[in-house]
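Engineer: What follows is each chain in one-letter form.
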Amino acid sequence: MQALAKSDQHGKDDILLELDDVYMFFGRVGALAGISLKVKRGHIHSIIGPNGAGKTVMMNCINGLYHPQKGNIYFKGEDIGKLKPYRRAKLGIARTFQKVEVFGGMTVLDNIRLGRHVHLKSGIVGGALYVGKTAREEIEHREFIEQEIIDLLEIEYIRDKPVGMLPYGLQKRVELGRALALRPELLILDEPLAGLNLEEVEDMARFILDVNEEKRWKVTCILVEHDMGVVMDLSDRVFVLNFGNKIIDGTPEEVQSNPEVIKAYLGEEDMYATRR
Amino acid sequence: MELFLMTVTTGIMVGGIYALIALGWVLIYKCSGVLNLAMGELTLIGAYVSLSFYSAGVPFLLALLFSLVIGFILGILTERIFLDKLIGEPVLTVIMVTVGLSFFFKGCVELVWGTDTRVFSPPVFPLKPIQLGPLIIGQVYLWSFVAAIILLCIFVCFFKYTRWGLAMQATADDEMAALSLGISARFVYAIAWAIAFMAAGVGGTLLGNINGLNISVGYMGLLVLPAVVLGGLNSVPGAIVGGIVIGVLQNLSGAYLDQFFPGGVKEIAPFAFMAVFLLFKPYGLWGWERIERV
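Protein chains in written order, with numbering that gives the first Met the number 0: chain B, 0 to 275; chain F, 0 to 293.
By construction, these hints were calculated from the structure, which means they are not laboratory data. Careful: at least some of the hints might be erroneous.
[Said to hold, decoys possible] Below 25 Å or equal to it, Euclidean Cα-Cα: the simulated BS3-like pairs (lysine-lysine) are:
1) F/Lys159 to B/Lys89
2) F/Lys84 to B/Lys89
3) B/Lys69 to B/Lys81
4) B/Lys217 to B/Lys75
5) B/Lys37 to B/Lys83
6) F/Lys84 to B/Lys81
7) B/Lys39 to B/Lys83
8) F/Lys105 to F/Lys265
9) B/Lys160 to F/Lys159
10) B/Lys89 to B/Lys75
11) B/Lys37 to B/Lys217
12) B/Lys39 to B/Lys214
13) B/Lys69 to F/Lys84
14) B/Lys37 to B/Lys69
15) F/Lys84 to B/Lys83
16) B/Lys81 to B/Lys245
17) B/Lys120 to F/Lys159
18) B/Lys39 to B/Lys89
19) B/Lys89 to B/Lys217
20) F/Lys159 to B/Lys132
21) B/Lys214 to B/Lys37
22) B/Lys245 to B/Lys69
23) B/Lys245 to B/Lys37
24) B/Lys89 to B/Lys132
[Said to hold, decoys possible] One-sided excerpt, in silico: chain F residues whose CB lies under 7 Å from chain B:
25) Ala166
26) Asp172
27) Asp173
28) Met175
29) Ile182
[Claimed, not checked] In silico negatives: residues of chain B with every beta carbon more than 10 Å from chain F:
30) Asn50
31) Arg141
32) Ile157
33) Leu233
34) Asn241
35) Ile261
Just so you know, even glycine gets a beta-carbon here, dropped at the ideal spot from N, CA and C.
Build the full structure now, drawing on both the sequences and the hints.
Structural biologist: Have a look at this one:
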């Protein structure tokens, strides 16, 4: 019995996020038809599939913007299926959006600061007096933001610019920085490379690898992406989705050689070879 | 000249009260994009609550404090009962709900307190005017102004120096992204409505001290509209300056134009000014111009 409990415990540690038979309908359209997924701690787990396959719906279910009608979602062994998005953020799930969602009227620094929101403890009185703990807290957060995030993403030179005025590629970078400011354990990246030029794609791929591999970060990533080259390079595992159904969940090599995948997705030679 | 100076000074002081109410209005607009058309009624409710406490023999400052507490509770209740379900719905829907709320609140006030003009008796502030240099000012104006300014400072500090201030701005900008960062939109909206109720309540109480209290104080609350339009809808300093400008404008038109257009010129002037002003500065003094990369 004890042995069983122990192995169970180990399993929980190993699997960071688990979707168990998740169904999501919009009216009569089934966007997700019984999806199960296990994301291991430390992995980059990619989700691929044609447009409209349900990838973003899946991300919205994990992050809490949607609540699936059936099925469970576990994060670190805890059932989070009923929690609102802001509660899940506190547990350590951060995300970026397919269409960038930045606070356009604010500066880069303020955008990233907002990512620290869940880690701030001080209340109104502390904020008003700004002594002792509150001041110390702010200094710590400032150091974290400056040294870790701004340096990592190389956005020092735009820190005081309003984000709405920046080019698209930089906005995506700021959005990533804001998500990282939460110091998440799980980072959902919804098409982080879409609309970027070649150089920006290389930078972004490097940042993703950095936060996944570097000892200070060690963030588990779920990556939704169309750029097959990058997906196959970065991922530990790849999950293929088509019309709300799982086709395969395996290593990049397994996925690339799967006949069904080739038929549904990779076979479209254009998709694979050229960038939009 | 003396008349002019006196009119302007009283205008500034009444304007301070408008500024306070306008600030409450702007907070709601800033974080949810909702034009709150029930602001006038919020003013009424707060004023009647503190009048009731005062009439029951509670000292004025304590009565004001009670009305703040009750305003806070009412604000959160309003958000929870009427507006919470509408998160994510089009803003226009919510605006229509505030129109409904304004009728509902007005009905409640008439039901509970009636339609007669009530006054704070005994008067809260001494009737003897104060001599400030060449100016003679009613004490009720002076102390109302002081109270309004103190509260304004408290609310502005809340917005500027606490993390919830930035969170409110973020929710206004992009609700979905704010949620993904661990900011509870419900909490932000509840706080905004609570602050609006509190600011309006104190504003109404002070206005009630000046002119007596009846349903028409609710229309004074609507004067925040020209004030905030002038300041630029989503600007906190804009609301303060706008409120004061409207106060001055109202007083000046009362003093100088009333002889030519007897009757309601004092009430109309701010709105006429708003219309003309918008022709030249559609974003108000400090409103955000919509900048977008296309």
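Engineer: Holds or violated: are the alpha carbons of F/Lys105 and F/Lys265 at most 25 Å from each other?
Structural biologist: Roughly 23 Å separates the two Cα atoms, so the pair holds.
Engineer: Does B/Arg141 clear chain F by more than 10 Å, comparing its Cβ with all Cβ atoms of that chain?
Structural biologist: holds, 13 Å
Engineer: Close enough to count: is the Cβ of F/Asp172 nearer than 7 Å to one in chain B?
Structural biologist: Holds, because the Cβ-Cβ distance from F/Asp172 to chain B comes to roughly 4 Å (cut-off 7 Å).
Engineer: So if I understand the rule, the pair passes when the alpha-carbon distance is 25 Å or less; does B/Lys69 with B/Lys81 pass?
Structural biologist: holds, 11 Å
Engineer: Against chain B, is F/Ile182 within 7 Å by beta-carbon distance?
Structural biologist: holds, 6 Å
Engineer: Quickly compare the C-alpha distance for F/Lys84 and B/Lys81 to 25 Å and report which way the hint goes.
Structural biologist: At roughly 17 Å apart (the allowed maximum being 25 Å), B/Lys81 and F/Lys84 satisfy the hint.
Engineer: Given the hinted pair B/Lys37 and B/Lys83, is their Cα-Cα distance within 25 Å?
Structural biologist: holds, 21 Å
Engineer: Quick one, are B/Lys37 and B/Lys69 close enough, alpha carbons at most 25 Å?
Structural biologist: Roughly 17 Å separates the two Cα atoms, so the pair holds.
Engineer: With a cut-off of 25 Å on the C-alpha distance, tell me whether B/Lys214 and B/Lys37 pass.
Structural biologist: holds, 23 Å
Engineer: Taking the closest pair, is the beta carbon of B/Ile261 still more than 10 Å from chain F?
Structural biologist: Since the minimum Cβ distance to chain F is about 35 Å, B/Ile261 lies beyond 10 Å and the statement holds.
Engineer: Could you grab the alpha-carbon distance between F/Lys159 and B/Lys89 and see if it respects the 25 Å cut-off?
Structural biologist: holds, 23 Å
Engineer: Against chain B, is F/Ala166 within 7 Å by beta-carbon distance?
Structural biologist: Given a least distance of 6 Å, the restraint on F/Ala166 holds.
In the structure shown, no violation is registered for any of the earlier numbered hints.
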